[in-house]
Amino acid sequence: MTTQVAHCTPFSRQCSGGILRSPGRRILAENRTSRNSSLKMISKENGLLEMGQSVVSCSSRVRCSANSHSVSSLHSKDPFLNLHPEVSLLQGDKHDTVIDPRKENVGGNVVESLRGSSVPNDYNEAKIKVIGVGGGGSNAVNRMIESDMKGVEFWIVNTDVQAMRMSPVFPEHRLQIGQELTRGLGAGGNPDIGMNAAKESKESIQEAVYGADMVFVTAGMGGGTGTGGAPVIAGVAKSMGILTVGIVTTPFSFEGRRRAVQAQEGIAALRENVDTLIVIPNDKLLTAVSPNTPVMEAFNLADDILRQGVRGISDIITIPGLVNVDFADVRAIMENAGSSLMGIGTATGKTRARDAALNAIHSPLLDIGIERATGIVWNITGGSDLTLYEDIQP
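By our numbering, the letter at position 338 of the sequence shown is numbered 568, and the numbering carries on one by one without gaps.
Since the hints were derived computationally from the structure, they do not count as laboratory data.
Some hints could be false.
Think about it this way: if two alpha-carbon atoms lie no more than 20 Å apart in a straight line, the pair counts; the simulated PhoX-like pairs of lysine-lysine are [as the list claims (entries may be wrong)]:
#, residue 1, residue 2
1, LYS468, LYS357
2, LYS432, LYS468
3, LYS514, LYS468
Cβ pair distances, simulated, as ranges [said to hold, decoys possible]:
#, residue 1, residue 2, range
4, GLN392, ARG584, 47 to 57 Å
5, ALA498, PRO401, 25 to 35 Å
6, SER520, GLN436, 40 to 50 Å
7, LYS580, GLY418, 53 to 63 Å
8, LYS432, VAL391, 17 to 27 Å
9, ARG413, THR617, 55 to 65 Å
10, SER469, THR617, 26 to 36 Å
11, LYS580, GLY471, 42 to 52 Å
12, HIS403, ALA558, 23 to 33 Å
13, ALA498, GLY418, 20 to 30 Å
Beta carbons are placed, not taken as given, at the ideal position from N, Cα and C, and that holds for glycine.
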């Protein structure tokens with residue numbers, strides 16, 4: 231399965247409460263002077279499955295201006311609510327709100343974030359969980375949070391307690407595995423320790439993924455916890471009937487043969503425990519950067535590609551489009567799909583839509599052409615000035 235998605239980076243964020251519904255379609259509501267437009271298509275034919283992501287970059291930028299506000303007072307006209315302020319906070323001011331314990335202001339007041347897409351108004355909405363396993367997976371999740379990715383629940387799973395403490399993930403969503411085996415000191419680059427640590431904490435993993443409709447398991451392969459633990463975690467999720475997608479990276483060549491061999495063994499084990507597996511070779515990323523790129527920047531790029539892979543798929547489900555695709559559509563094409571590939575393209579200018587699509591098709595992340603795909607997930611996102619001709623041009 232190859233992945234090609236067309237979405238506009240500046241417009242991939244959604245303002246809470248900004249959805250208009252009309253019979254047979256859903257569109258994003260206009261935010262002040264600009265509006266998001268998203269066209270989503272899904273198809274499956276006899277051949278290879280592909281999911282693609284091309285990004286149409288637009289000249290203007292739109293940001294949701296009211297993402298959070300401080301709760302300066304809990305006073306209410308209702309005496310009962312004054313006696314029980316926690317009820318007042320949960321009720322909110324006729325908005326869908328959630329308390330974010332990660333954010334505090336100088337005065338110590340609780341900060342209340344308007345997170346429309348991450349707090350379902352409808353119990354029928356698909357629940358998506360992203361689980362970063364090991365150091366590489368945790369770094370990818372951290373980047374997703376920093377990019378203000380909405381509509382998903384983030385978890386990190388690790389044997390290294392010190393590394394987990396640095397993450398912005400909610401403390402209750404940081405799962406230490408193998409407490410008795412590793413004592414919180416890590417797996418030492420040994421996949422067997424990572425695997426046994428995950429098996430030791432199998433019940434905790436089941437509790438973490440419980441209630442999810444779709445789980446992304448992301449990791450950097452080649453080390454200990456991610457390589458050994460990811461297949462176990464994915465297997466737990468899949469055995470519970472959850473649509474399970476693995477998105478992992480393989481090591482850079484300069485990381486050595488040992489990590490490369492361990493990565494391939496881990497990928498083989500993971501493939502048996504997921505519905506869809508997307509493998510991103512880190513070495514291919516080097517073709518898109520300068521030879522003078524610092525080592526840390528190369529690793530950051532790998533983390534960001536993992537973020538884009540997860541976001542490219544989750545946005546299709548969580549953000550309504552002009553031609554909407556729901557979770558059932560995504561499940562139909564990704565369930566038991568096997569190995570997949572992902573392409574990402576961006577473009578600006580008069581032919582931006584076509585160029586973005588071509589860039590996705592010819593992405594360095596793709597090992598084979600799309601003509602061998604049995605199915606494709608395609609997401610195009612642009613600004614309010616994205617024309618119909620741009621959407622349909624060959």
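Hints and how they fare:
This hinted pair checks out: LYS468 and LYS357 have alpha carbons roughly 15 Å apart, not beyond 20 Å. In summary, the hint linking LYS432 to LYS468 is supported, as the alpha carbons are separated by about 13 Å, within the 20 Å threshold. Pair hint LYS514 plus LYS468 does not hold up; C-alpha atoms about 29 Å apart against a cutoff of 20 Å. In this structure the hint that GLN392 and ARG584 lie 47 to 57 Å apart at CB holds, the actual value being about 48 Å.
Judged by the Cβ atoms, the range 25 to 35 Å given for ALA498 and PRO401 holds: they are separated by roughly 34 Å. In this structure the hint that SER520 and GLN436 lie 40 to 50 Å apart at CB holds, the actual value being about 45 Å. Between LYS580 and GLY418 the C-beta distance comes to about 54 Å, which sits within the given range of 53 to 63 Å. Taken as a hint, the range 17 to 27 Å holds for the pair LYS432 and VAL391, whose Cβ atoms sit roughly 19 Å apart.
In this structure the supplied range 55 to 65 Å holds for ARG413 paired with THR617, their Cβ-Cβ distance being about 60 Å. Distance hint check for SER469 and THR617: the Cβ-Cβ separation is about 47 Å, which falls outside the suggested range of 26 to 36 Å. As the Cβ distance of LYS580 to GLY471 is approximately 47 Å, the hint placing it in 42 to 52 Å holds. Take HIS403 and ALA558: their Cβ atoms lie about 27 Å apart, and the range 23 to 33 Å holds.
About 22 Å separates the C-beta atoms of ALA498 and GLY418, a value consistent with the hinted range of 20 to 30 Å.
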